[in-house]
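A.B. asks: Take a look at the letters that make up each chain.
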Amino acid sequence: MTGPQHLLSVADLGKDGIAEVLRVAEAFAEVERRSVPKVPTLRGKVVATLFFEESTRTRLSFETAAKRLSADVLSLAVANSSVKKGESLRDTVETVEAMGIDALIIRHASAGAPHQVARWATRARVINAGDGGHEHPTQALLDCFTVRQVLAERKGAAPEELGIECFEGLRVLIVGDIRHSRVARSEVLAYSSLGAQVTLAAPGSLLPPSLEGWPVTVAEDFDAALADTDVVSLLRLQSERGSGSFVPSLREYTAGWGLTARRVALLSDDAIVTHPGPMMRGVEIASDVADLPRSVVVQQVTNGVAVRMAILFLLLGGEWPGHE
Amino acid sequence: MAERERSHTRPLGGVFVAHSQVLAASDVQRALTRMSHEVVERNGGVEDVVLVGLQTGGIPLATRMAETLNQIEGIALQIGSLDVAFYRDDIGLRPVLPEAVTNIPHDLTGKVVVLVDDVLFTGRTIRAALNALNDFGRARSIQLAVMIDRGHRELPIRPDYVGKNLPTRREEMVDVGDDGVWIGTLENR
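Line by line, the protein sequences are chains A and B. Take the position in the first sequence, starting the count at 1, then add 24; the result is the number in my numbering. Take the position in the second sequence, starting the count at 1, then add 18; the result is the number in my numbering.
Pulled out of the complex, with its shape left as it was, chain A reads as follows:
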């Protein structure tokens, strides 16, 4: 098999790899629309989810994806595991791998944990499901997938016909807690390698200490940036990573950087609003804004399954032609 063995960062894929994920995910989206949305593709493979940090949608999404591919799924509930007795990450991974597991899907509070696990793993493929403030590659991929789907729908075309050319010059505005957001890092990599222009909007305290080498610009005026964008990607204030101390108060944050009803009116008619969830209604997004048709949050969750099926299939069964 050629191409990356693991999915640790969006950078592992490159432009061609992302294009391939989107293409294959489209074929799995068709599977999901069937009355029996299950294919025998990964029969006999075992996929384990190791979530050292909370999650609702990512874990359910990966497990649904694996089951729809007929893989067997084991999920390690960290709270009830030997991790609580003090077993190290390395020993936990070795134990799980010794059972003949084919893919490890890992979420961890420490940036780089999946990379470390990938070095230890001898046969299992490792998929990063979010590592600290570093990356969350599948989220960024499903965001791109969803944006393309919306663009295709408007043109009355099939998404696969649009290829990745539809991202060329697309204006993407990422708003909020960029400093602590792994989604933001993966999105910047994904959107920019597809040719989109990425702009960040956040209070200075929630921007990363350095943006050197990031292919982005920073918006000087948030309201003006909103009027001038095709996609708004909202991020949650990551209070579990201490974001609370980076803003004076939630109310002040909402007043300055929330997508309120007033600000939605500034958007162009075609602008799409994405959010990786969980949404904090009334903080980064006003509740009625979250329910507007232009907000594609529910579609993102649906698409997450197809995109993760594509990732599992490419790592465990297919190959990445972009990397030959």
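Because the hints were derived from the structure by calculation, they are not lab data. Note that the structure is predicted; figures quoted are calculated from it, not measured. There's no promise every hint is true.
For lysine to aspartate or glutamate, the following DMTMM-like pairs were computed, each having C-alpha atoms within a straight-line distance of at most 20 Å [to be verified]:
1. A:K91 / B:E65
2. A:K109 / A:E77
3. A:K62 / B:E117
If you want the ones that stay clear, here's a sample from chain A, every Cβ over 10 Å from chain B, calculated [unchecked claim]:
4. K39
5. S59
6. G136
7. E192
8. F246
Derived coverage of chain B by chain A (criterion: at least 3 residues anywhere in the stretch with Cβ under 8 Å from a Cβ of chain A; other residues may be distant) [unchecked claim]:
9. 95-109
10. 177-185
Just so it is clear, CB atoms sit at the ideal spot from N, CA and C, and this is done for glycine as well.
Could you slot chain B onto chain A? The hints should help.
C.D. replies: Then chain B, alone, in the frame of chain A:
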């Protein structure tokens, strides 16, 4: 020798080098016309018939067969397309990727499905297609139409409608295109 080249992408990769022509474009059309008549005869019309082309070689043939059936019976059949990548038995052994999104326009329960492909070889693609079709309902019957049957079956599968039986060597390759049917080899360049 390289009278015609056609690049093949996955899963095989390489360039098809044609050695000799087996059927001219007009022969292919005649064979399709005969096969279409056989479909009508065998099923007493095409009322319940659904044509499903296999990605990618079967799609143009299914489209042309639908046109011919329309001329014969005056009924415009809808065409489905099926990609069997997710049902193959060699996943993990060699590169297997979907070529296109499957599109089966309706529930197949009670229908007569005519699967259309360009070349029948080992029969493994058809085996995968039969599994896949199962997920779209319980067809009353499934029939198989192929332009070329080149032998070397590895499974107990036989076609119902054949354009031409063509004895081949295993390492040879058969290519069905708009300009007829050619036999040749796949070469890495």
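A.B. asks: Of all the hints given earlier, name the ones this structure violates by number, lowest first.
C.D. replies: 1, 5 and 10
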